[in-house]
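Colleague: Single-letter residue listing:
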Amino acid sequence: MKKRFLSVAAGVLAVSAILAGCGSGAAKSDGGADNQSSAAETKAGESKADSAASGDALRLINGKIEIDAQLKKAAEKFKEKTGQEVVIESLGGGVDIQGQIKSYKAADNMPDLFVIGGDGDYANWTDMVADLSDTEFAKNTDFAYKDKTTGKVVGFPYAVEGYGITYNADILEKAGIDPATLKNYDAFKAAFEKLDGMKDELGIQAVASVAAEAGQMYWSTGNHLFGYYYTGGLERGDNKYFDMAMKGELDDERLGEFADMTELLFKYADPQVLVSGTYDDQLALWAQGKTAFITQGNWIDPSLPTYNVSFKAGLLPLAFTKSDMTRILADCPSWWCVYKDGKNVEGAKAFLDFLATDPDAQEILVKEAGMISPYKTSTIEPETPLAVSLKKYVDAGETSSWAWSNMPEGLAQNALGLVFDSFAKGSITRDDFVTLMKSTMADYIANNKK
Amino acid sequence: MNTDKKIIPLAMLALGAILTIYALILDLTGATGELRGYILILGVILLILGVFKMPHKKHTKIVNMVFLFPMVFTFAVTVIIPFILGIIYSFTDWNGIQVTRFVGFENYITMFKQSDYVYSFVITLIYTVINMVLVNVVGFVLALVCSSKIKGTSFFRSAYFLPNLIGGLVLGYVWQFIFNKVFTTIFAGSLSMLTDANLALLAILIVNTWQYAGYIMLIYLTGLQTVPKDVLEASGVDGASALTTLFKIKIPMIANTFTVCIFLTLVNSFKQFDLNLAITNGAPSRIMGPKIIQATELLALNIYNTAIRKNNYALGQTKAVVFFIILAAVSLTQVAISKKREVEL
Chain A
1240 MKKRFLSVAA GVLAVSAILA GCGSGAAKSD GGADNQSSAA ETKAGESKAD SAASGDALRL
1300 INGKIEIDAQ LKKAAEKFKE KTGQEVVIES LGGGVDIQGQ IKSYKAADNM PDLFVIGGDG
1360 DYANWTDMVA DLSDTEFAKN TDFAYKDKTT GKVVGFPYAV EGYGITYNAD ILEKAGIDPA
1420 TLKNYDAFKA AFEKLDGMKD ELGIQAVASV AAEAGQMYWS TGNHLFGYYY TGGLERGDNK
1480 YFDMAMKGEL DDERLGEFAD MTELLFKYAD PQVLVSGTYD DQLALWAQGK TAFITQGNWI
1540 DPSLPTYNVS FKAGLLPLAF TKSDMTRILA DCPSWWCVYK DGKNVEGAKA FLDFLATDPD
1600 AQEILVKEAG MISPYKTSTI EPETPLAVSL KKYVDAGETS SWAWSNMPEG LAQNALGLVF
1660 DSFAKGSITR DDFVTLMKST MADYIANNKK
Chain B
4 MNTDKKIIPL AMLALGAILT IYALILDLTG ATGELRGYIL ILGVILLILG VFKMPHKKHT
64 KIVNMVFLFP MVFTFAVTVI IPFILGIIYS FTDWNGIQVT RFVGFENYIT MFKQSDYVYS
124 FVITLIYTVI NMVLVNVVGF VLALVCSSKI KGTSFFRSAY FLPNLIGGLV LGYVWQFIFN
184 KVFTTIFAGS LSMLTDANLA LLAILIVNTW QYAGYIMLIY LTGLQTVPKD VLEASGVDGA
244 SALTTLFKIK IPMIANTFTV CIFLTLVNSF KQFDLNLAIT NGAPSRIMGP KIIQATELLA
304 LNIYNTAIRK NNYALGQTKA VVFFIILAAV SLTQVAISKK REVEL
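Chains as they are written, first to last, in the numbering used here: chain A, 1240 to 1689; chain B, 4 to 348.
This is chain A alone, in the form it adopts within the complex:
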């Protein structure tokens, strides 16, 4: 009998140990940032201690890991001024960010601030974000993310990024080409032909550095390049071609012009990098001065010192039209939303206002993180070459919005990027490119309605 009692006691102990594990985990999970050990790049121990100290630290899920250190520094400043702790949790480097936030939601461990990349992401969180229309930052920027149906500001823009075709000013100067004249297809064509004829003289390997492989570079072609089809040259907020595309239709004339430009780019691109190159290959080729152009944007700035780049560089719109195009595609790459049911919604708003309006915070974001401020009140000037070039467009109001970030998810990777890939390899002609682009777009939109 005694023996049996012991065995029962042992069994009960085992059960209670397991249940205790669950119980305490569930009880503490609403306490905040204590079970993010799996999150990439987060110093779990540090944030644990931090949140224990203040009790209700704000938590921000940042999707741009490159600016992690700078954000942490800004958060420090915010704590100095207000006493409110902010924990920055940066995700990146292949982490599925939206999936991670979804699992936080499932675990009842939602952060106070989290990142969204556009309409697709926002659709999941529509009912869970706070209205930010009454904040300071909202009055000071054109780049905030607004709910399409209510028009309320729900997303905080932390930076402006822009892209088009980036040039090596030294090479263009040697060839006697003024970048300011490159405003339309014909000008680009003439310039490309001239540069191609002077390759040996200039010591370049190819005219442009373009990468169009479907598995890894779909974002550059399917998102970025094709983004010019949607809004290139249009006023900010003019989404007519994009809206049309989201119904599965593409405009023949515009697409035709775009196809001509794509053909031109691919024809004068380095063939090896074009069909099988990675981002690094593409960048290295241009940064080492082996090509005059690259189809990337101002985000390559921080990588330039790696290649000891000494030449001058600037950004141009990818002017694929016959008429002049002077606007560059510039927008906020992603936005931060405030979780409506968070414990400290006002504190989160205050933090966003701080980042947007406080000179110290702007100094950190612009100077140290090398970003361009989307805020009119910010007077701090960027220093890196492409940021400087981009800032000119932003200041002059010569920008178009990025409609592509509102495309259905997977469109670039699973559909558009493939058409570019085929075109780059030469397996389809320019006319095939137009027809395939149209059928692929129509197909994808029809098949992926939610």
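Keep in mind that the hints were calculated from the coordinates and are not lab data.
As the structure is a computational prediction, the values presented were derived from the model and not from experiment.
Zero decoy hints are in this set.
Incomplete in silico selection of chain A near chain B, CB under 8 angstroms:
#1 Lys1341
#2 Gly1454
#3 Gly1649
Note that beta-carbon positions come from the ideal geometry of N, C-alpha and C, so glycine has one too.
Put chain B on the given structure of chain A with help from the hints.
Modeller: Just chain B now, kept in the frame of chain A:
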């Protein structure tokens, strides 16, 4: 007398039940507070003790069940519950956050209407068949080499096995570099294998064989060592050639090893994901009539892309359920067939 004995256990059971239910209600209504966990534990302990104290013949069996609990609990939480949830999700419009409605078999119908899924299906079958044959043939030949009398067999054994110890993703990216840079430099002017729809699939096959054949070789090697020496000697005395020995004695005697190896490679190739993701990530493009699709998007990658890249969790889940059913059916059939061919010693 009997009723007296029953009172205490009954009271314990009642109190335990009340506490447990109270804790569960607290949990479901979303009330906060640290106490509910402890209430739940106390309730469950009282329930168990109540059952144990209950004067009844079967109570020892109940106690035995208690000992199974940790195992059953872990298994349920990590396997059974997610599996059932997964099947339920496949009938809903789950987006990874919430379910708004049940859609019945809609996901299952949509799935087979998508040309990219059907294509992934076919290409995966082709890949599985070729890969299964390739890995087994290479693995078996390596095993024969390593069990022969040539010098340095132990070195070869570990050398062939080594690729298996490297993670698939790392290996994938290394090989991608080899295909894209090294091969194009050696054969100057040629385009990378990965840019051609058929050759890209071959590239994955090559890498997988290189990685997996060593592992399969090891299993064949153990199998070959179980073939009794006396039988081999007897055949040698009878003048059997090496080939006859191989086909008439060795292979039939290690038929069960073949079952294991074929099963492993079948499942492994069907589930191919990491190499696929790292080497091609679905690229390049293949034009099929008016459509353009990802030439090397195998089933697992297709499921991943549907759920994560296209943000369609419910459809991805549905594909995963079908994936499981097919995989289970195919591998069980294979094992059943192979088992019949095995010879007992």
